[in-house]
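**Q** Now for the letters of each chain:
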Amino acid sequence: MATTAPTTGVDERVRQTPWIRKVMARPELGAVAGTILVFIFFAIVAGGSGMFSALGVINFLEVSAQLGIIAVAACMLMIGGEFDLSIGSMIGAAGVIIAIPAVQFGWPLWLCILLAFAVACLVGYVNGTIVIRTGLPSFIVTLAALFILRGATIGFTRLITGRTQVSGLGPLVEQDWLAPAFYGQVGYPIFKWAAGAGIILARPDGEPFVQGVPMSIIWWLVLTVVCGWILLRTRVGNWIFASGGDPVAARNVGVPVARVKKGLFMFTACAATLFACVQVLDQGSADVLRGVLKEFEAIIAAVIGGTLLTGGYGSVIGASFGALIFGTVRQGIFYTGVNTDWFQVFLGCMLLIAVIFNNYIRRKVTEAR
Amino acid sequence: MKAHLVGAAVLASGLAFAGTAFAQDDLRFVVVSHGQASDPFWSVVKNGVDEAASELGVTVEYRAPDTFDMVQMAQLIDAAVASQPSGLVVSIPDAAALGDSIKNAVAAGIPVVSMNSGSDVREELGVAVHVGQTEYEAGLGGGKRMKEAGVTKAICINQEVGNVALDLRCEGFADGLEGEVEVVAVSMDPTEVQNSVTAQLSNNPDIGGVLALGPTGAEPTLQALEQAGMLEQVTFGTFDLSPGVLQAIADGKMAFAIDQQQFLQGYLPIVLLKKHAQYGVMPAGTVMTGPGFVTEENAAQVIELSQKGLR
Chain A
1 MATTAPTTGV DERVRQTPWI RKVMARPELG AVAGTILVFI FFAIVAGGSG MFSALGVINF
61 LEVSAQLGII AVAACMLMIG GEFDLSIGSM IGAAGVIIAI PAVQFGWPLW LCILLAFAVA
121 CLVGYVNGTI VIRTGLPSFI VTLAALFILR GATIGFTRLI TGRTQVSGLG PLVEQDWLAP
181 AFYGQVGYPI FKWAAGAGII LARPDGEPFV QGVPMSIIWW LVLTVVCGWI LLRTRVGNWI
241 FASGGDPVAA RNVGVPVARV KKGLFMFTAC AATLFACVQV LDQGSADVLR GVLKEFEAII
301 AAVIGGTLLT GGYGSVIGAS FGALIFGTVR QGIFYTGVNT DWFQVFLGCM LLIAVIFNNY
361 IRRKVTEAR
Chain B
1 MKAHLVGAAV LASGLAFAGT AFAQDDLRFV VVSHGQASDP FWSVVKNGVD EAASELGVTV
61 EYRAPDTFDM VQMAQLIDAA VASQPSGLVV SIPDAAALGD SIKNAVAAGI PVVSMNSGSD
121 VREELGVAVH VGQTEYEAGL GGGKRMKEAG VTKAICINQE VGNVALDLRC EGFADGLEGE
181 VEVVAVSMDP TEVQNSVTAQ LSNNPDIGGV LALGPTGAEP TLQALEQAGM LEQVTFGTFD
241 LSPGVLQAIA DGKMAFAIDQ QQFLQGYLPI VLLKKHAQYG VMPAGTVMTG PGFVTEENAA
301 QVIELSQKGL R
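For the protein sequence lines, the chains are A and B, in the order given. Using the numbering used here, read the first sequence as starting at 1 and increasing by one per residue. Using the numbering used here, read the second sequence as starting at 1 and increasing by one per residue.
Bound conformation, chain A alone (with noise of 0.2 Å):
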């Protein structure tokens, strides 16, 4: 005798798993967990002192938005299996090639910036060759272009300048149409009607504290945007994470993986370059030593976020969560008035405590009962 299995209604076999479960299970919102428990950190101890205030927050998402950029960028690096640490590097390599031209040669700005891009697409294109067809660790690589590029910088730019600085690009990028797209403020009419209702704090003449949301935070949400969605929901990101899964069984099952890591590699030298324009054009001058370090901030942000170092495995939009974690504890700190000494201490600890936190929900999440 059959008996049809019900069409209606829940088939009683099947485990119900409640959705927050499900929902959690994903790499992506581990990370919020650590964010949240962050957030609460410095609601209790930091709550009156004004980190909270409109500026406050626009001050410390500015520092996230400028780490998550890169950040982004290495975790899909990542994810497909390599490390790249000459981000910093070039961050400093591009804004030099930004300025350099423009203030001592009289080069309009937007070819600079074109330019810049052009010079890390090749970075990119040549740090991937050589890891692809030497077979060596991208680690060794990337520290081999760090140096490279960090003297190169030093030494054109001395060599051309005499300083160590290039600026006087102010006046320079307000007439030109590329530059305002990377700085400068958007959405100043909100901000002043919220002054003016009370919402957000107005300075004694009037004016809000905060005149706009930065154009790095708007890079930064389109690029976590864009890069989730490429990792998710297209071909691209699934010969992303196949590459960095099993390269070898990728390749037997066809995916270009020597292309998607060149590929990734040049992403990563152009989002450094994002992220020098975006300094740059908004302070108005550039320095040979920008950047130093931010390869491991960018690093540490994937990882916060859930991403594994082996490849294979995380999220963009963790990353992103990684990059707010660390951008909130670093200027938190100042509101917490711990003495500067103890400052490495502090945001070592935190981000020790943030990572264990969401390793913690992660594992208890999603190991099967």
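Keep in mind that the hints were calculated from the coordinates and are not lab data. Incorrect hints may appear among the rest.
Computed, partial: chain B to chain A, Cβ under 10 Å [unchecked claim]:
hint : residue
1    : Y62
2    : Q84
3    : A97
4    : D100
5    : A228
Ranges between beta-carbon positions, derived for each pair [to be verified]:
hint : chain 1 : residue 1 : chain 2 : residue 2 : range
6    : B       : E124      : A       : V226      : 39 to 45 Å
7    : A       : G151      : B       : G179      : 54 to 60 Å
8    : A       : A144      : B       : K275      : 33 to 39 Å
9    : B       : A199      : A       : W177      : 49 to 55 Å
10   : A       : L347      : B       : P243      : 27 to 33 Å
For each residue, glycine too, the CB sits at the ideal point set by N, CA and C.
Put chain B on the given structure of chain A with help from the hints.
**A** Below, chain B without anything else, positioned relative to chain A:
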């Protein structure tokens, strides 16, 4: 259970820090400088800040970026403004990069005092007063001192031509000496400095005075002078202190060192800001902390204080 342990740790650390964060009854000032407290020069500044804070009974927070990073420093200034202190002290090594943040602080109604660097942009940025040593006047003082010692021909050893501050020092020196001054451009490499100075001395045996612009230039120059046997005939002076420089002065090998007295650059702004908060008074212009001259007479005292981190 692990969750309980983590939660307890978070609460415990939170309560520990809450104590420090809520002492907001008295005045609170923030110092944002470009020098890390681990740097020996800036450590003296921070000691000045701490001593002023304890003597006046105010809370002062000292912030600096991890490396010489103007972007991070601007972010620290913005964070300081967001925390709404009663006063802000900043050093301004790069007016272009920090200008916007400082203008925001001034527009927010926070009294701003600058120290150490940025005397030239004080009015433009709306800073109330500058506490520090202006380079030209310091060079001028050094030149006058050498003129009194009877020097008519001297060389100025500049290890970074193009650095506006150092160029001003040599310029002031030349104007103060009112004699013949040649600027010798060298690099930061000590061997190269020593060789360049030796060459200069052998080409011009009638040089009466030598001025270095910092310990990086002074210490190799001392060796060059010793090797050339010209220590007796030459009046040798330098800017800024270091253990090697102080020892040379104590031994009589160096005539003087121009001390910018950075302890005062940390101490005085706090005093000025507290009195401004209490009575609304504020000096106008620049408060010069230098040039202070360290010579053989006071070298011993200065050595003792510099070992305590006070000079």
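**Q** Each hint: holds or not?
**A** Results for each hint:
| no. | hint | in the structure |
| --- | --- | --- |
| 1 | Y62 | holds (5 Å) |
| 2 | Q84 | holds (5 Å) |
| 3 | A97 | holds (5 Å) |
| 4 | D100 | holds (9 Å) |
| 5 | A228 | violated (30 Å) |
| 6 | E124/B with V226/A: 39 to 45 Å | holds (41 Å) |
| 7 | G151/A with G179/B: 54 to 60 Å | violated (42 Å) |
| 8 | A144/A with K275/B: 33 to 39 Å | violated (56 Å) |
| 9 | A199/B with W177/A: 49 to 55 Å | holds (53 Å) |
| 10 | L347/A with P243/B: 27 to 33 Å | holds (32 Å) |
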